[in-house]
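> Make a model of the complete structure from these sequences and hints.
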Amino acid sequence: MRGAEMRDWLQPHRIFLGLLGLVIVLWCATQMRWDWLPKYAPLMAEGIWRTIWLLVLSVFFGMLLAIPLGLAQAAGPWYLATPARVFCTVIRGTPLLLQIWLLYYGLGSLFPQYPWIRESDLWPILRQAWPYALLALTLSYAGYEGEVMRGAFKSVPRGQLEAARAMGMPRHKILSRIWLPQAFRAVLPTLGGETVLQMKATPLVATITVVEIYAVASRVRQDTFIIYEPLLLLALVYLCLAGAIVFLFRQIEARGPQVRRPG
Amino acid sequence: MGPLDLLALSPPGWGATLLAGLWNSLLIAVGAFSMGLVLGGLGAWGKIHGGPITRDLLAMYTTVVRAVPELILILILYFGVTDLVNQILVAFGHERIQISGVLAGIAVLGVVQGAYATEVLRGALLAVPPGQVEAAKAMGMPPLLMAQRVIFPAMLGLAMPGLANLWLIATKDTALLAVVGFGELTFATRQAASSTKAFFTFFLAAGVIYLIITLLSGWAFARIEAWARRGEPRNAGG
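Chains D and F, in that order, give the protein sequences.
Each residue of the first sequence is one higher than the last, beginning at 1 in the working numbering.
Each residue of the second sequence is one higher than the last, beginning at 1 in the working numbering.
Read the hints as simulated data drawn from the structure, not as lab findings.
Be a bit skeptical, because a hint or two may be false.
To be verified - A partial selection of chain F residues facing chain D, derived with a Cβ cut-off under 8 Å:
| no. | residue |
| --- | --- |
| 1 | Pro69 |
| 2 | Ile76 |
| 3 | Gly93 |
| 4 | Ala175 |
| 5 | Leu176 |
| 6 | Phe200 |
| 7 | Ala206 |
| 8 | Leu211 |
| 9 | Leu215 |
Note that the Cβ used here is the ideal one computed from N, Cα and C, for glycine as well.
Written as structure tokens, this is what we have:
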């Protein structure tokens, strides 16, 4: 396996492309302007950290919301299924940028009108931008993943749920031991891709003054009038993050038992 | 002024501004989607039938474009393409030009769409039963006629769900152009909202417009798929 992989990489055209890539990287490193890097490095590290933190929290809370959303659509009574479906349709049918601006500018201009909100202990938090960014990203992830989870819950064979019910298993136990674990396994590969999409959505929060890595790069551009270098570095950072997410999900997938797929 | 006055078409209302933005958004979405289809068709062909170098380059194209946020690609291409065109023009002794926002938007989103379309069309092309292609070859059908009569019809039904998704992504991605200050629907909405301070009214109105586009296109694509799959046996499970 290893040998075959090595040979794959040592084909003549791959070596040629690799060398070409190396030349391009060297040219970028020596010919472009990177003198701004030391000054902005701490800010960029902070920005990367904030991006990761937004991504992890929004994926976690979004998933917590997506499970009941999917369950309501797959098996709930109509008065739960309909609102869940409407929520998913609205979130998936409108641009995330619009949702972010609606929450930040809309709610942000509504809250200060109420004295009791301004006097509450939460006000110092509500005055900042990141709660709105986190809320918008969470709702967006929940909307897309609610739809994915609906399919996942439906894909678990009925016979298993019927067997569990016949054994007299209580409903919450059926969910936690049989339904949810299998639905989750079936959906893991999809979730990996969706999390990469979520990562690609994080720079949008820079438009509401959250200083994550994209905002830092924009500031470098505005301060120094250097256009391409910060953007190229930014692309590299996101490539690495995407690679890390894909790797992480492969690890999680490899740990559990393999799902048998029909066909 | 009430919400309806604000959305009125005549000048104190902002309805006309929003509709102009909507027109720009649709123009860019249609242009980018078409360009994506052309790039995707070429990409899928290259990935399946191309030589090793073509395949590696295409793999790099689809990987990079699908891993880097659209916003950053838009900025890189927006600045990069404008710069490149101007350098070429200057080199040939012409004046610098300002590239129109619509064209730049179509070009940028088209490149992004092309990467996704490559994967969608490649999957559909691979799913065409090889026996049918072989049969057409054995009958001595010329390649173009074979593409038109055998491969396209078989691909269309398979590619439709993926293409419908891509179209929806195209309409929503046009909103990203608001960040570079191009006057499409989201940008027009923000302008209207910040001048009147009626944030909820305008953002909700724009949301409803986007939602109507989504629902209408979902319906249309379902019709097209049903048409493309006419005559297929309905023995699929689930």
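> Of the hints given before, which are not true for this structure?
3
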